[in-house]
Amino acid sequence: MMDAHGHAIVTRGLNLWYGPFQALIDVTAGIPHGLITSLIGPSGCGKTTLLRCFNRVNERFAYVRTTGAIELLGKNIYDPDVSLIELRKAVGMVFQRPNPLPISVYENVVFGLRIHSRRASLKRADLDAAVEQALTEVGLWKDLKDRLQVRATTLQLEQQQKLCIARLLPLKPEIILMDEPCSTLDVDGTRGIEELMFALKGRYTIVIVTHNMAQARRTSDECIFMLLGKVIEHTRTADLFLSPKSPRTAEYIEGRYG
Amino acid sequence: MAVVSLAATRFTKTALAARKERAEAVAKWAFFGMAVAMIIPLVAIIAYLLYRAAPSLSLEFLVEMPRRGMREGGIWPAFIGTLYLVVISLAVSAPIGVLAAIYLNEYARDTWFNRLINLAVINLAGVPSIVHALFGLGAFVYAAKFGYSIVAASLTLAIMTLPVIIASTREALASVPMAFREACWNVGATRWQTIKAVVLPNSISGILTGVILQVSRAAGETAPIMFTGAVFFKAIQPGTVFPYRLQDQCMALSMHLYTVSTQIPNVKESIPYATAIVLLGTVLLVNVSAIGLRVWLRNRKRW
Numbered sequence: 001m002m003d004a005h006g007h008a009i010v011t012r013g014l015n016l017w018y019g020p021f022q023a024l025i026d027v028t029a030g031i032p033h034g035l036i037t038s039l040i041g042p043s044g045c046g047k048t049t050l051l052r053c054f055n056r057v058n059e060r061f062a063y064v065r066t067t068g069a070i071e072l073l074g075k076n077i078y079d080p081d082v083s084l085i086e087l088r089k090a091v092g093m094v095f096q097r098p099n100p101l102p103i104s105v106y107e108n109v110v111f112g113l114r115i116h117s118r119r120a121s122l123k124r125a126d127l128d129a130a131v132e133q134a135l136t137e138v139g140l141w142k143d144l145k146d147r148l149q150v151r152a153t154t155l156q157l158e159q160q161q162k163l164c165i166a167r168l169l170p171l172k173p174e175i176i177l178m179d180e181p182c183s184t185l186d187v188d189g190t191r192g193i194e195e196l197m198f199a200l201k202g203r204y205t206i207v208i209v210t211h212n213m214a215q216a217r218r219t220s221d222e223c224i225f226m227l228l229g230k231v232i233e234h235t236r237t238a239d240l241f242l243s244p245k246s247p248r249t250a251e252y253i254e255g256r257y258g
Numbered sequence: 001m002a003v004v005s006l007a008a009t010r011f012t013k014t015a016l017a018a019r020k021e022r023a024e025a026v027a028k029w030a031f032f033g034m035a036v037a038m039i040i041p042l043v044a045i046i047a048y049l050l051y052r053a054a055p056s057l058s059l060e061f062l063v064e065m066p067r068r069g070m071r072e073g074g075i076w077p078a079f080i081g082t083l084y085l086v087v088i089s090l091a092v093s094a095p096i097g098v099l100a101a102i103y104l105n106e107y108a109r110d111t112w113f114n115r116l117i118n119l120a121v122i123n124l125a126g127v128p129s130i131v132h133a134l135f136g137l138g139a140f141v142y143a144a145k146f147g148y149s150i151v152a153a154s155l156t157l158a159i160m161t162l163p164v165i166i167a168s169t170r171e172a173l174a175s176v177p178m179a180f181r182e183a184c185w186n187v188g189a190t191r192w193q194t195i196k197a198v199v200l201p202n203s204i205s206g207i208l209t210g211v212i213l214q215v216s217r218a219a220g221e222t223a224p225i226m227f228t229g230a231v232f233f234k235a236i237q238p239g240t241v242f243p244y245r246l247q248d249q250c251m252a253l254s255m256h257l258y259t260v261s262t263q264i265p266n267v268k269e270s271i272p273y274a275t276a277i278v279l280l281g282t283v284l285l286v287n288v289s290a291i292g293l294r295v296w297l298r299n300r301k302r303w
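Chains as they are written, first to last, in the numbering used here: chain B, 1 to 258; chain L, 1 to 303.
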């Protein structure tokens, strides 16, 4: 499920406009399969916009225009036969602020299954199994197995964020997009989510947008530095932080601007 | 010495600060006074009405037929007529308004066509009720051949309440956090699945309240029904709950109030006031139940 170079996502000459403003300029990049790739850069550099292209969630605004190609797992997602529903099933997204639905923990986890299946085809035992598996995978099962009927919005923020990740898993996504997933969490919460990312790595391709350079350095295998809508540098994370090729990258990671 | 005196006066009130504090106090009391003044008309109206209506207020007044050319007796046909008009008009306008609002808030993108719809809604809300009446007369009574009837009057009221229902429903929908919708869309839910699963359950209290508050408008308006279906007097079986047929004309409280106050000489003095109390009481009762419903649903709200 990847191209010859082991890329899960490949963008080619991707341009995106919000009305007259061009937010992405000729972005060409390959994101490796099964690894964690971080998108870094100062505010307004287009990293979140790029992330949101990967499941085409940008498009709900009428004034967004895109050119170029994005190949996900070998298929151009701008092809006319691509169904947004199927695309988003395979490409899950985790947001800055945990957004569990205001229903029980159990219903949050099976929400995707309910959305994508006929009612009659869902058996209670299968749903129970899916909940246990997903919550185990994100490390919540032990804490929450007796509290599955609790309203999800009453959980701690870290648990909410893990639940949001667990909500994606029953749909068996291949790619998980994370938009600053730790920015509302404290140190322990951040560590919890980062450890979870390591645990999920390999089975899922993870792309994370972060403002926190230390986090990018800790968690990601590859790092893409963006500035004003362009990709400035894209290498292994260790190389980017130790010996950046572009002086603009060097200045940014030194904290001269941004 | 100079240093000591400086320290002694530090952080104490200067002349300018004192002036600012006085202005602050004046501003606060002026605003508070105006807010309190809002209560006075309400209390005055209700107290005055109750005082003047007292001789006629009784259960018999509500459930009896008018007698002696409406100079005595009760207001049962008008009360029932108003219920008919309100229920039928809201049964028409609520579904249309709520569904339209869902489209406008959940589906519509910012295109010229949807702006046109918005503009239409806003302008419809601004049309005076007497103009609605004239439209209802032309459209429902004559063109649609409903004649002067409960149907024609209810439809006219429905058109009048529609834009406000749309506006209040949109407000209720907009208060559902965007994050819930995004959460749904990002697991591949369609808009309709999102609306069913998340948007409606979390906005239903606001939607219902908005609809119920239109009861008071529908019950209170006189002009739209005067032209289209309300009559001075209509004999019905006293005590029956469904005395009218839809193609009948009916009496209504607002119309009745107008009639007994201005059109009939030598009416017992307390009757118009008692009619007003019944109208006001019905509307207040509905509003209180709307608030109760809202509180109850909000406590069940799931975030």
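It cannot be assumed that every hint is accurate.
Dumping the calculated DSSO-like pairs for lysine-lysine here, alpha-carbon to alpha-carbon at most 27 Å [what the hints assert, rightly or not]:
(1) B:Lys172 with B:Lys145
(2) L:Lys145 with L:Lys234
(3) B:Lys172 with L:Lys196
(4) B:Lys75 with B:Lys142
(5) B:Lys123 with L:Lys145
(6) B:Lys123 with B:Lys145
To be clear, the hints were calculated from the coordinates, so they are not data collected in a lab.
Hints violated by the structure (numbers, ascending) = Violated hints: 4 and 5; rest satisfied.
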